[in-house]
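Engineer: Anchor point for the sequence shown: position 603 equals 603 in the UniProt record's numbering, and the numbering is continuous, going up by one each time.
Since the hints were made in silico from the structure, they are not lab data.
Wrong hints could be hidden among the right ones.
Taking CB as the label site, the calculated pair distances span [what the hints assert, rightly or not]:
hint	residue 1	residue 2	range
1	Ser384	Asn526	55 to 65 Å
2	Glu138	Glu115	53 to 63 Å
3	Gly147	Val469	47 to 57 Å
4	Tyr203	Ser183	47 to 57 Å
5	Thr444	Gly147	26 to 36 Å
6	Lys171	Gly244	42 to 52 Å
7	Thr444	Glu138	12 to 22 Å
8	Ser384	Asp182	41 to 51 Å
9	Asn542	Asp506	16 to 26 Å
10	Asn526	Asn406	52 to 62 Å
Calculated cross-link-like contacts (lysine to any residue; reagent style SDA-like; alpha-carbon spacing at most 25 Å) [what the hints assert, rightly or not]:
hint	residue 1	residue 2
11	Lys467	Tyr223
12	Lys412	Gln447
13	Lys382	Asp405
14	Lys504	Pro534
15	Lys530	Gln458
16	Lys317	Gly399
17	Lys317	Glu151
18	Lys530	Thr623
19	Lys382	Gly346
20	Lys562	Gly620
21	Lys504	Ser486
22	Lys290	Glu319
23	Lys382	Lys286
24	Lys467	Gly399
25	Lys286	Gly346
26	Lys290	Gly346
27	Lys268	Thr308
28	Lys290	Lys317
29	Lys317	Ile289
30	Lys268	Gln447
Just so you know, even glycine gets a beta-carbon here, dropped at the ideal spot from N, CA and C.
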Amino acid sequence: MYREQDNLEKLQRKLNSRNYKNPNTVGRTDFVNTEHDVREGWESDKDNIQDLIRERRVGHEESKFFKKILIGSIVFFVLALIIAGAIFFFGGNKVSTGNIDIQVFGPTSVAGGEELPLEIIIKNKNNVDLESVTLLIEYPEGSRVAGNINEPLLRQREILGGIPSNREVRKLVKSVLFGEKDSIKDIKMTLEYRVKNSSAIFYKEKNFELAIKSAPVIVSAIYPQEVSSGQPISFDLSIDSNTGELQQNLILKANYPFGFTFVSSNPKTLSQNNVWSIGDLVSGDKRTIKINGILEGQDNEERTFQFTLGAESDENKGEIGAVFSNLAGTVRVKKSFLDLAVALAGDQSDVHISRVGEEIPVSIVWTNNLSFPILNNQITVKLSGSAFDRTAIRIPSSGFYRSSDNTIVWDKGNTSEFSKIDPGQKGVVSFSLSSLPAFAQGVTNPQINIEISMTGEQVLENNIPQKIVSVSNRTVKISSNLSTASRAVYSIGPFGNFGPIPPKADQTTTYTIVWSATNSVNDISNATIKATLPSYVSWLGNVSPISEGVSFDPTSREVVWKLGNVKAGTGLYSPTREVAFQLGLEPSLSHVGSAPIILGPSTTSGNDDFTGKTVSSTRGFITTLINTDPTFKEGDDIVIR
Numbered sequence: 001m002y003r004e005q006d007n008l009e010k011l012q013r014k015l016n017s018r019n020y021k022n023p024n025t026v027g028r029t030d031f032v033n034t035e036h037d038v039r040e041g042w043e044s045d046k047d048n049i050q051d052l053i054r055e056r057r058v059g060h061e062e063s064k065f066f067k068k069i070l071i072g073s074i075v076f077f078v079l080a081l082i083i084a085g086a087i088f089f090f091g092g093n094k095v096s097t098g099n100i101d102i103q104v105f106g107p108t109s110v111a112g113g114e115e116l117p118l119e120i121i122i123k124n125k126n127n128v129d130l131e132s133v134t135l136l137i138e139y140p141e142g143s144r145v146a147g148n149i150n151e152p153l154l155r156q157r158e159i160l161g162g163i164p165s166n167r168e169v170r171k172l173v174k175s176v177l178f179g180e181k182d183s184i185k186d187i188k189m190t191l192e193y194r195v196k197n198s199s200a201i202f203y204k205e206k207n208f209e210l211a212i213k214s215a216p217v218i219v220s221a222i223y224p225q226e227v228s229s230g231q232p233i234s235f236d237l238s239i240d241s242n243t244g245e246l247q248q249n250l251i252l253k254a255n256y257p258f259g260f261t262f263v264s265s266n267p268k269t270l271s272q273n274n275v276w277s278i279g280d281l282v283s284g285d286k287r288t289i290k291i292n293g294i295l296e297g298q299d300n301e302e303r304t305f306q307f308t309l310g311a312e313s314d315e316n317k318g319e320i321g322a323v324f325s326n327l328a329g330t331v332r333v334k335k336s337f338l339d340l341a342v343a344l345a346g347d348q349s350d351v352h353i354s355r356v357g358e359e360i361p362v363s364i365v366w367t368n369n370l371s372f373p374i375l376n377n378q379i380t381v382k383l384s385g386s387a388f389d390r391t392a393i394r395i396p397s398s399g400f401y402r403s404s405d406n407t408i409v410w411d412k413g414n415t416s417e418f419s420k421i422d423p424g425q426k427g428v429v430s431f432s433l434s435s436l437p438a439f440a441q442g443v444t445n446p447q448i449n450i451e452i453s454m455t456g457e458q459v460l461e462n463n464i465p466q467k468i469v470s471v472s473n474r475t476v477k478i479s480s481n482l483s484t485a486s487r488a489v490y491s492i493g494p495f496g497n498f499g500p501i502p503p504k505a506d507q508t509t510t511y512t513i514v515w516s517a518t519n520s521v522n523d524i525s526n527a528t529i530k531a532t533l534p535s536y537v538s539w540l541g542n543v544s545p546i547s548e549g550v551s552f553d554p555t556s557r558e559v560v561w562k563l564g565n566v567k568a569g570t571g572l573y574s575p576t577r578e579v580a581f582q583l584g585l586e587p588s589l590s591h592v593g594s595a596p597i598i599l600g601p602s603t604t605s606g607n608d609d610f611t612g613k614t615v616s617s618t619r620g621f622i623t624t625l626i627n628t629d630p631t632f633k634e635g636d637d638i639v640i641r
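Given only the sequences and the hints, what does the whole structure look like? Please build it.
Structural biologist: Right, here's the structure in full:
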């Protein structure tokens with residue numbers, strides 16, 4: 001009993017011992033025994049407290065990290081709410097033209113003269129209302145009011161009031177457009193609007209394009225494709241209504257090429273030999289115009305004639321306000337059978353510019369360009385015009401001046417070679433003329449018209465003569481005479497002058513310069529007078545009248561009078577243009593015993609509105625020799641010590 005109990009105690013001690021190994025235990029070969037360093041005995045309370053503190057510190061750090069993440073999330077959420085609110089309450093109420101849509105519904109093409117309906121839809125996609133909304137529609141030139149095509153329609157203003165947020169407004173507008181076939185017309189629309197609590201005006205624009213598919217009136221022409229230089233040419237024009245609507249106040253305008261001379265037309269022109277009144281055309285109506293003229297040019301040159309038809313402008317009579325139809329016709333010029341080369345003072349251009357009373361030599365070189373002789377030849381020159389001087393015709397040899405109708409004639413009676421002109425033969429006849437030396441009051445834009453024709457006969461195989469004609473026309477335009485008179489005075493004029501007379505060296509004497517401008521027969525534009533001051537003369541700045549615009553450039557020392565427009569007859573049949581200004585002369589010892597220059601040569605220039613050329617003249621310098629002054633006496637011009 002005691003023995004068994006003793007054994008049990010031993011076994012219990014073994015089991016509780018750390019060094020006990022069971023002899024019956026066999027280690028498994030699949031695992032490796034690992035020895036661990038395990039403390040023998042219990043840890044103290046101090047070690048447990050340190051570990052607990054360490055664990056709590058780690059937990060506290062982790063808690064602070066997660067708290068930061070939580071706070072950051074809350075802040076981000078609050079900021080997102082603020083931004084969203086700002087966009088909703090402020091950004092969403094901001095007006096943008098991109099949120100306004102203008103839609104136009106209508107045809108892409110329309111016949112000229114037909115009514116054009118357009119439906120305009122304006123959508124407000126903003127979050128705020130639009131106030132004081134106005135739609136301005138601008139139509140192309142020539143547009144008319146639907147239902148009353150006599151009334152022009154350039155702009156149309158529609159008051160739309162307000163457009164609430166996310167709502168739309170519809171507007172139907174009607175008009176009548178005109179234009180030539182296949183032309184593109186543009187209608188511009190501008191939307192004006194305001195928003196609440198703002199005085200600013202906002203705009204939105206929209207353009208609508210469409211084509212004119214047919215013209216309300218059609219112009220056609222019959223004319224030769226070729227013509228010999230100097231030969232007559234005719235155009236037969238037909239104007240036909242192409243719509244059921246009444247077309248009113250129509251006019252036709254021709255644009256002639258270089259080398260064409262208008263002779264006549266049926267019916268007669270309205271103005272300038274190139275505008276005809278067509279009047280009103282109803283459906284099916286037709287008008288005809290015949291134009292006769294002479295076309296000159298070099299061999300194989302092409303000349304283009306242009307004809308434009310439309311409604312007459314309400315503002316400018318004789319001008320087309322709305323174009324309905326355009327027609328262009330090209331004619332080839334062939335070498336003339338009888339060539340005429342005309343030169344005025346060596347100038348072969350159609351228009352020659354000459355001065356009043358100037359003699360103008362005229363030469364006419366004729367040539368037979370045919371391959372056979374021309375018989376019974378004759379050259380006639382018909383002279384006319386407001387500037388023509390009937391008494392100034394000079395013919396050096398053959399030829400006869402028939403003063404009864406102002407015609408010069410060369411024929412086989414006074415020019416033997418005109419009986420027969422062989423192929424390729426050429427010759428020359430000549431004469432001279434002059435313009436009138438002066439013109440009566442009221443005569444403006446004077447010119448001389450020279451109409452030259454040469455005729456002959458070609459004998460055909462049947463012995464029947466065929467007439468051959470060659471024509472050439474020239475015009476002489478007389479340029480205006482724009483001139484200036486310059487003078488200096490001391491005792492008279494708009495200014496009080498001072499200083500010694502005669503002038504003394506190293507002392508100042510003032511003088512008044514007077515410029516007087518005259519103009520003869522044509523209006524002048526952009527006229528100026530210029531002169532230069534010597535270095536010893538000073539500009540005092542006094543001008544009368546001050547409205548005449550006289551200025552002085554101290555760098556160039558140039559005095560300039562800008563006259564601008566000077567009417568024909570100024571100084572002849574109407575008052576002279578005159579201006580005065582004051583200068584100061586301070587002569588030096590080198591001037592003693594002489595009359596020094598006060599003002600250099602005066603140059604006058606301007607554009608002649610009739611001839612299109614620049615006219616100019618120059619007057620000499622002005623010295624102290626002021627013999628136009630009533631108090632001047634001999635010796636007052638000589639500088640003394």
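Engineer: Within a Cα-Cα threshold of 25 Å, do lysine 317 and glycine 399 meet the stated pairing?
Structural biologist: Violated: lysine 317 and glycine 399 sit about 46 Å apart, past 25 Å.
Engineer: What's the verdict on lysine 562 and glycine 620, does the C-alpha distance respect the 25 Å limit or exceed it?
Structural biologist: Within the cut-off at roughly 19 Å; holds.
Engineer: Decide if the proposed pair is consistent with the structure: lysine 268 and threonine 308, CA atoms, cutoff 25 Å inclusive.
Structural biologist: 17 Å, holds
Engineer: Would the pair lysine 504 and proline 534 pass a check requiring their Cα atoms to be no farther apart than 25 Å?
Structural biologist: 17 Å, holds
Engineer: Against the 25 Å threshold, does the CA-CA distance of lysine 317 and glutamate 151 hold or violate the hint?
Structural biologist: Satisfied, since the Cα-Cα distance of roughly 16 Å is no more than 25 Å.
Engineer: Is lysine 382 close enough to glycine 346, meaning Cα to Cα at most 25 Å?
Structural biologist: Given pair lysine 382, glycine 346 holds - Cα atoms ~20 Å apart, limit 25 Å.
Engineer: Holds or violated: lysine 268 with glutamine 447, Cα cutoff 25 Å?
Structural biologist: 23 Å, holds
Engineer: Given the hint that lysine 290 pairs with lysine 317, does the C-alpha gap stay at or below 25 Å?
Structural biologist: Measuring from Cα to Cα gives roughly 23 Å; hence the hint holds.
Engineer: Taking the beta carbons of serine 384 and aspartate 182, is their distance inside 41 to 51 Å?
Structural biologist: Between serine 384 and aspartate 182, where Cβ atoms are some 45 Å apart, the hint holds.
Engineer: Take the C-alpha atoms of lysine 530 and threonine 623, compute the straight-line distance between them, and say whether it is at most 25 Å.
Structural biologist: 17 Å, holds
Engineer: Take a look at whether the Cβ-Cβ distance between asparagine 542 and aspartate 506 falls inside 16 to 26 Å.
Structural biologist: 23 Å, holds
Engineer: Quick check: does the Cβ-Cβ distance between serine 384 and asparagine 526 fall within 55 to 65 Å?
Structural biologist: Because 32 Å falls outside the window, the suggested range is violated.
Consistency note: the structure conflicts with the earlier hints numbered 1, 2, 4, 5, 6, 7, 10, 12, 15, 16, 23, 25 and 26.
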